[in-house]
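Novice: Given next are the chains, with one letter for each unit.
Protein chains: 8
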Amino acid sequence: MANPRVSIIMGSDSDLEIMSEAAKSLSEFGISHEIQVLSAHRSPELLTQFCKNLKKRGVQIVIAGAGGAAHLAGVVAAHTTLPVIGVPVNSSALNGLDALLSTVQMPSGIPVATVAIGKAGAANAGILAAQILGLHSKPLQEKLLRYKNKLTRSVIEKNNKLKKGK
Amino acid sequence: MANPRVSIIMGSDSDLEIMSEAAKSLSEFGISHEIQVLSAHRSPELLTQFCKNLKKRGVQIVIAGAGGAAHLAGVVAAHTTLPVIGVPVNSSALNGLDALLSTVQMPSGIPVATVAIGKAGAANAGILAAQILGLHSKPLQEKLLRYKNKLTRSVIEKNNKLKKGK
Amino acid sequence: MANPRVSIIMGSDSDLEIMSEAAKSLSEFGISHEIQVLSAHRSPELLTQFCKNLKKRGVQIVIAGAGGAAHLAGVVAAHTTLPVIGVPVNSSALNGLDALLSTVQMPSGIPVATVAIGKAGAANAGILAAQILGLHSKPLQEKLLRYKNKLTRSVIEKNNKLKKGK
Amino acid sequence: MANPRVSIIMGSDSDLEIMSEAAKSLSEFGISHEIQVLSAHRSPELLTQFCKNLKKRGVQIVIAGAGGAAHLAGVVAAHTTLPVIGVPVNSSALNGLDALLSTVQMPSGIPVATVAIGKAGAANAGILAAQILGLHSKPLQEKLLRYKNKLTRSVIEKNNKLKKGK
Amino acid sequence: MANPRVSIIMGSDSDLEIMSEAAKSLSEFGISHEIQVLSAHRSPELLTQFCKNLKKRGVQIVIAGAGGAAHLAGVVAAHTTLPVIGVPVNSSALNGLDALLSTVQMPSGIPVATVAIGKAGAANAGILAAQILGLHSKPLQEKLLRYKNKLTRSVIEKNNKLKKGK
Amino acid sequence: MANPRVSIIMGSDSDLEIMSEAAKSLSEFGISHEIQVLSAHRSPELLTQFCKNLKKRGVQIVIAGAGGAAHLAGVVAAHTTLPVIGVPVNSSALNGLDALLSTVQMPSGIPVATVAIGKAGAANAGILAAQILGLHSKPLQEKLLRYKNKLTRSVIEKNNKLKKGK
Amino acid sequence: MANPRVSIIMGSDSDLEIMSEAAKSLSEFGISHEIQVLSAHRSPELLTQFCKNLKKRGVQIVIAGAGGAAHLAGVVAAHTTLPVIGVPVNSSALNGLDALLSTVQMPSGIPVATVAIGKAGAANAGILAAQILGLHSKPLQEKLLRYKNKLTRSVIEKNNKLKKGK
Amino acid sequence: MANPRVSIIMGSDSDLEIMSEAAKSLSEFGISHEIQVLSAHRSPELLTQFCKNLKKRGVQIVIAGAGGAAHLAGVVAAHTTLPVIGVPVNSSALNGLDALLSTVQMPSGIPVATVAIGKAGAANAGILAAQILGLHSKPLQEKLLRYKNKLTRSVIEKNNKLKKGK
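Protein chains in written order, with my numbering: chain A, 1 to 166; chain B, 1001 to 1166; chain C, 2001 to 2166; chain D, 3001 to 3166; chain E, 4001 to 4166; chain F, 5001 to 5166; chain G, 6001 to 6166; chain H, 7001 to 7166.
Don't read these hints as lab results, they were simulated from the structure. Quick reminder that beta carbons are idealized off the backbone N, C-alpha and C, glycines included. Heads up, a few of these hints could be off.
[What the hints assert, rightly or not] In the DSBU-like style, the derived pairs of lysine-lysine whose C-alpha atoms are separated by at most 35 Å in a straight line are:
#1 7024/H / 6056/G
#2 4024/E / 3052/D
#3 5052/F / 2148/C
#4 2056/C / 161/A
#5 24/A / 1148/B
#6 2143/C / 2158/C
#7 119/A / 1158/B
#8 7138/H / 7119/H
#9 3158/D / 2056/C
#10 7143/H / 7164/H
#11 3150/D / 1052/B
#12 1158/B / 7055/H
#13 4024/E / 5163/F
#14 3158/D / 2143/C
[To be verified] Under 8 Å between C-beta atoms, here's a sample of chain D residues computed to sit facing chain E:
#15 3041
#16 3105
#17 3151
The task is simple: from the sequences and hints, build the whole structure.
Specialist: Here you go:
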């Protein structure tokens, strides 16, 4: 996509299944985005380059997903003043507890907006980006309200099904 | 403060010492804000009312800090499409692990932008709010860049002290 | 069921397999009940409405099951003075530890009667409801005693099988 | 107290400071109660005797607090069909995580209504008992509603103080 | 088996696969034993009866395996002065961490000799019983030495295989 | 003490305060014992020598306490067929959870009889040794019964004090 | 292999699948190595013998992998002044958390260079050995640089694939 | 110190008390070293610069200590092929568990040699560096052997004191 407003990066291509949930959320809200592999450990210079070009390229928010000693979101946050959203990926023996703590426990001065471990977190990363961009976009705010209503309606519909199923 | 752009709420007045770090960060960036106690459990209707009035009052971001079964940020996120930043407070026997998991592990559809446990997290919540608001404010972006430079300079100064101390 | 005395709610329809264990327990004790999806996050207003109508509808106990940042039981407890039983559901990467802590670590003033993670907990939620209602019902108390005896007999029978199996 | 409706027991007299919070809650709601040390491990026969006499003595609810391998609530629940409320006490090196898991993870058939670790949990145990007994007592229900309102008012008052303090 | 010297009990028949490892170890050392289901929660009186008869029946050691809020070993230890070996069973959502803490964190005065979670622990429970009984049995001590040598030889054999496999 | 039947060892002299609880228990039961520092890491050859001499010296049980990566009990168990009791010491940042897992999670073939973290565990290690030695000593068994009765009486006395205090 | 510079040992042959990742890394860097089973618990004397012969045989680094109460690396470190790399193996119910803490939490004086749990850790153990040996080998340092470049290129290639796949 | 062979870096000057243990170890072995603050988050470009100059400056090993989301060691490891030793610092609410997992759980390809949390770990980091450098230095190897003997002698001395103290 040309001129992505949100850039999704992930530490490994094995995180793609989880991180594509973030892309789905952004697509649902019509927000331009890109997705790529960028490792804080395997490609540190590519990552620094990526961070330095973010503003020039018009990127406004970075969503970074990684597992294990998940440094990706924190390293991006160290290089930019854009909001960085971190998604802990449950790819290690410790079920993502390591990725959660490595992502959220940032020191004073360099926040990472951390969401839940795994797919729910990735989907929410996209929605959080929409909420942030929605602060200056009426149409986006309306989409967010419609999305919230859809969530409520889906609860009602599930209950209707549940009653019929009985 | 009149017309606060960021509203800081906390589940208990005993969280004030921690959550005032968020206020300090916002003051440093010149962002109007308010701070108050609002409990998801002790004052649910006040909280709902608070959520419904957010947009009318011009609030753009909510920072919510709570300990234990920390539902505050999640409940606000359920009621609004504004970005909600959650600060886990380490006020229980489990040192904030309970508050962290209760804040971050939100289901798909309702994100909470979670930061670190305790004071570092609260300070970062204010900075994250500044980053979000900075997306549409050149002056704020410049302040954020200056802040980032200040962080780097403080590292240099500490090393100078360290060398002299030897 | 008309006039349910116990209302079972769950944060997501994917919790149904677990939470239907609560319904089974209540059926075994002949206690009228209902079961529905109600999310603290996806349908907060439906949930508030549900809480406000509980007493009018004659509901005496609420059983609430949820996973992850499980706020459901706590939010209901915030709105009602009826006893609320919380069932942590193991639907996240952290195997229900998050749901347990989010459900049980309630602040002073708003208790949630928390039971075990998953199916055993859901079954026990129904039995706990029977114990509570049994305080003012002789027949229910007798059923509870018979159930307790049945548990003991099943231990004896299992040992008989074990001996024959040898 | 003669004819206690709620019996508070604790595994050790060192738990008294925490467990007296349960007594305070019950006193606040005017519910007759007793408090004593009874260990599942140091006095198993006294405990069995205690359980067998509960109904004769008119006790309706047991609140049991213990630390470490906290078996007290579970053992009482094994002997009676009355509701048993378990309070995990944070007296060991593991800060009460052991007591929480030992209390809440009961097998199917024998529920323990578990509340939070430590003082908040003990206070809530008393309130939960009041909620249970309130199901058949109008005056108690009114007291519970007044208590809930008092919680909300205390939030308002704390905010007033907070504003004046500024 | 007539006149068992070691009695293996388990909280549920679903623990049989794990606990039969203890029986296998005892058989390997030629120690008479029995195995049965006895629940601290489902059959408390049977369990008390079992404990009271232990010495009369000539039982010298009890091996108790249970999962979740694993009270079985602790309750037996409360009733007898015989050595009690506890095996935490990983049958709950928390993978046996709950069973481990519920078994090992006993208060001062009532020890439970706790072994590892699951099959390795159950096998070791049988060996530990052999070591205890071996203190007064030369033949048993010789068997234990032969077993230890067998362990070492199996390491040597595995290395021989490994080398050939290359 | 000449001819100790129980040998208490600890990984560091900083563990002395905790491990002397084991010595106190053994003294209470009149069991000869010795106590010394022996590290699996700082003095591996002394430790091997110690293990090889155990039987010659008439030692029957080893109690080994250590913190952090607590290998002491396991290494002794590897060298001897005598029963080895492990006491996890809470001397590290992780409050003894590391010592507990390092002590209890032994592989199949080499049991360590693990007791609770810290002082309660050390005291229980001494009592467990008494229970083991009591299998072949009537007087010791009587002392153990008296000790158990004393535990029960102390519960009764604490309740008497509690009543008077009111 | 004759004259191995790195010796890989593992506590059990069931760790072979994981530990062969270390061998693969070493092969990739052309470093001579051997691999064998050696248990701190099942073959303590073989292990001591192994440690004493290390220097004579020209071994420079030991890589030790084990699960559960993983004492292997620590015991080797106690016997030698060569660098010892520890690989926690996730073979127990606790997913390797026990092996991690048992390996890394060594007391002051006896370091174990611990890497990640499981396969990634085993592969990294081999690379770490190459880095250490590379300090005195230009060719090895060049291989390490090439390996690092390969890691970066693989990131680029994965992104090319990702773009084509779209 | 001119021409340091080991460079100690730490994420914050508040880590100095802990990290100076590493310097003490290196001084004890006569290894030239330097110590400074360098944050992966507050000074990312200084850190990259530091990494790029390591080899030119003759540094052979980096020791990196950090707390919370401890990315420091991992980021250095991403930039260099020198061995990197990571020290988890217990400066957050989670007592260093977060720092441990953030440091040790590195992905395949980029090892960090992780030592224990806190002071013991920092001291061991220095010793591990000595062991690595000792591979090509006879005098250093002799110092390491003397150090090991000193550890054993200190155990003997402590026991002598212990005996006299009795």
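Novice: Each hint: holds or not?
Specialist: Hints and how they fare:
1. 7024/H / 6056/G: Roughly 31 Å between the alpha carbons, so the hint for residue 7024/H and residue 6056/G holds.
2. 4024/E / 3052/D: violated, 39 Å
3. 5052/F / 2148/C: The given pair, whose Cα atoms are some 53 Å apart, is violated under the 35 Å limit.
4. 2056/C / 161/A: Distance ~25 Å between residue 2056/C and residue 161/A Cα, so the pair holds.
5. 24/A / 1148/B: Within the cut-off at roughly 33 Å; holds.
6. 2143/C / 2158/C: Roughly 22 Å separates the two Cα atoms, so the pair holds.
7. 119/A / 1158/B: Judged against 35 Å, a Cα distance of about 41 Å means the pair is violated.
8. 7138/H / 7119/H: Status holds; Cα separation ~28 Å.
9. 3158/D / 2056/C: holds, 33 Å
10. 7143/H / 7164/H: Since the Cα atoms of residue 7143/H and residue 7164/H sit roughly 31 Å apart, the hinted pair holds (cutoff 35 Å).
11. 3150/D / 1052/B: Judged against 35 Å, a Cα distance of about 23 Å means the pair holds.
12. 1158/B / 7055/H: Measuring from Cα to Cα gives roughly 24 Å; hence the hint holds.
13. 4024/E / 5163/F: violated, 52 Å
14. 3158/D / 2143/C: This hinted pair is violated, its Cα atoms lying about 48 Å apart.
15. 3041: It holds, given that the least Cβ distance between residue 3041/D and chain E is near 4 Å, below 8 Å.
16. 3105: holds, 4 Å
17. 3151: violated, 31 Å
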